[in-house]
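Read top to bottom, the protein sequences are chains A and B. Counting in this note's numbering, the first sequence runs from 1 upward without gaps. Counting in this note's numbering, the second sequence runs from 450 upward without gaps.
Each hint should be verified, as a subset may be incorrect.
[As the list claims (entries may be wrong)] Derived lysine to any residue pairs resembling SDA-like cross-links, with alpha carbons at most 25 Å apart: (1) B:K540 <-> A:N39; (2) A:K61 <-> B:G574; (3) A:K28 <-> B:K541; (4) A:K316 <-> A:P279; (5) A:K316 <-> B:H495; (6) A:K28 <-> B:P557; (7) B:K541 <-> A:D181; (8) B:K541 <-> A:N39; (9) B:K541 <-> A:H260; (10) B:K462 <-> A:L257; (11) B:K541 <-> A:E135.
[What the hints assert, rightly or not] Away from chain A, derived, C-beta distances all over 10 Å, residues of chain B: (12) R489; (13) D563; (14) S570; (15) K659; (16) E789; (17) W839; (18) N899; (19) E904.
Derived by calculation from the structure, the hints in this document are not laboratory data. Note that the coordinates shown come from a computational prediction; the quantities given were computed from them, not determined experimentally. Ideal Cβ positions, reconstructed from N, Cα and C, are used throughout, including at glycine.
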Amino acid sequence: MSRELLYGLMQDALKASDADQAEIVAMKSNSALTWYAENIIHQNVAEHTAQVQVRAVVGKKVGSASTTDCSPEGLTLVVQQASQAARLMPDDPDFPGLPPPSLPVGTPATVGGWVAATAASEPRERVLAVKKIIERAERDDLRAAGTYQVQDSELAVVSSMGVSAYHQYTVAVLKAVVMGDDSSGYGLMSSADVADIDPEAVGEQAVRTAVETRHPIEVEPGAFDVVLSPFAVEELMGMLAYLALSARSVEEHTCFLEGHEGEQLASPIVSLYDDGLDPSGMPIPFDFEGMPKRRVDFLTEGRGGNVVYDSYYAAKMGRATTGHSLQQPNDMGPYPLNIFMGAGDSSEADMVSHVERGIYVTRFWYGNPVEPRRAVVTGTTRDGTYLIEDGRKTRGLQNMRFTQGLVDMLAHTVEISRDRAVLASAFGIGAMVLPSIRAEGFQFTGVTR
Amino acid sequence: MDKFTERVIAGAKSLSASYCDCRLVDMEREDVSVVGGAPRAVVHAHQRGFGVRVIVNGAWGFSSSSVVDDAEADRIVEEAVRIAHASALAKKKDVVLAPISSSEDMIPHQADVDPFTIPDSDKIGLLAEATRAMMLPGVVLARGQMQFLKERKTFASSEGAYIIQDRIESGAGISAMAASDEGGVQIRSYPMSFSGDNAQSGWEFVDAMKLLEHAEPTAREALALLSAKACPSGFKDLVVGGQQLALQVHESCGHPSELDRVMGMEASFAGTSFLTPDKKGSFRYGSDIVNLTADATIPHALGGLAYDDEGVRGRKVYLVRSGVFEHYLNSRASAPVVGEEPMGAMRADGFARSPIVRMVSINLEPGDLTFEQLIGGVEDGLYVDGIKSWSIDDRRLNFQFGSEIGWEIRGGKLQDMVRNPTYTGVTYEFWRSCDGIGGPELYHVWGVDNCGKGEPMQVAHVSHGTSPARFRHVQVGVLHE
């Protein structure tokens, strides 16, 4: 279905609404994934899905309905269902109405992010890329597992308030976990352009880590200086986003920024922000209400900043929307889908060389909050944990459990790398752009078997 | 067989598929969320689509679409076959499916009152009243939610299976968050945290929760936690409440028993498992009184099913019997590798995803102790319940869980309330230390609707039958305050 046809269908459906206000969000996606493990491909799948979500407003009543039926009849029906649902609802005194357009009507922002070669990629290409990783692992008697996913997605928003926004984007993500008898390694690349994906590099990185961390030893838990790869930083920043970077976290009193705007909360070298328009990430020009993305600075040189808002929370808290609505209505609140940490002036090798005795972490796993207010989280390391001695990664370590306050970690961050990795979101939209960091006094609280 | 699935199967056969199955799914969902007496989100969602799985040249292919018509059926079958041909480029050996007897069956849902016939205004009204009742001074946020699902799933295979299954699910829960001037934040939930409790039942299940009656006591516990003492640190005897134990069973028994995970198929996402095939039949997973089952046949259990998404009839197996690891959750392709019969655990999330090995209802069989006997057997310990936080390593060995609430136990009696209780351990050491399990009168099957696994991520609805149980010498109060 062409963009024009989709728009036409949505506009026609909008006209069929008898609500005071109506909004239609359409998401279409063609995605495919090759899933491999133990050096074989065990699943190879494709899916072609569409979802249309309608919000109808009658006075202060809000109703919604969604469907996978994108036919003219299906869209008309779901618009009517949303309107009927609204009339049966009680008033929502906090509902501010659908947001008016912030962009000139008919001229949605474009930020790139769609690559024809990715949209047209074939299963055979994915299989041949995966074969390269498998063959590389087999050369070292290792076992490779992972996925190669490509996605071609469209997001369109129209509303009776005049909002009209459309974005098409592609995503390609190749991931490898390579395992030996007592060690494993990790590699990942993601880009809008499938041509950027280098299976040899992904495989090499994972194999090298698995080989270097063979025969891991155990160290007593405690506070260590750590060097965290971008993959490890991603897990922690994902937790921070969930706990503390949105208006909902302010409402729930789990936001460390609340009441501390401008105060020095983290190291002066740490800047953390969300920017949906930065082409060095995976940009999204607008949110699920069609509101344009605005950059939000959570931490600027360590000083406390703002959180992200959608129109509901913005009205409730007397702020402006920052263009971070998820699909409405929802119970999640607004969410940052394009988190960046500002680049530093170091490199991973430099960071390791500055550690007398510490730990290098390739990945964290299964992070979960222990004490949300202070963003204390727990989780374990995986896929390549090294002991650092006298400025060198000397050997592999048994995976370890950490229990660490994230704000405290950012306050004790002493080095940040120049290079940053683009890490596509598991949500299928957006990405984090993150460096490696060195932090002091990171709390490990257990060792795995 | 209906004409659509017949067309899919015939199309796949004509393209040389040695096996094909088609799932046609028609699903309605309703999610209701209320905050502080006002509706926050009410979502009605309908999805319809089909997924086609084929084996061609000994390799798998799968494709799916939300457009259900003949032309799309032909296109999706062709794509699934093309994908299978590509998969075969890297195959080491052919996929072999364990034989099953193919069924023709029609399975009705288990609800008395279809929750979709209850007006939204009634659902919102109940949650609004409950959340208002929780807004005591000091409570900063009161949430309530309900979720309902109605599904018709048609499964057809090239082996002659044709199964229609209807399913209705209902669930609800409320929670109160209290905050102190000193910055403390505590939460308490009823009947279970996150999305509450869920079952394959109708509105009667929500009605029986008596949310209104429990609203104020739930809020009062959240307030009391603000001034409760910090969880002590050290090694103590631990009594784990049924709700918290559901999480323990889920993370430390359910997931590591998934045979695809054991075989490395989940390694790139959620990891592997310590329950390797060499341990089957001999590994001391827990103490003699620990019996863990995978049982798809429990009436109304959220994880129950008549047939899985390979057309295998669901049944009961012992994962752990008398403390010894005995059986896996498996699929038609994986079961023969470890000498098992398929037991009905292949499930897909909606129409768009290919089935993978999932939990059904994973249960700790009840023991014979009363709650008083469980507590009475502890000289110096802790009682915890209410799921708050969970983390476990990628082999499902080292875990650290946090509960909403705890009480110290001294001299066989519950004493002071403690806040932020946590405990940590190694799966088999923990279960081996189990020396008491509550009796059938304390047993409840908890419905969990947020179990994530697979790539792309699939969410499964599972359940866990548990009674409170007692564990000796467990590390509690992992230092973080």
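Legend entry - Hint check, failures only: As far as the earlier hints go, 3, 4, 5, 6, 9, 10, 12, 14, 17, 19 are violated by this structure, in ascending order.
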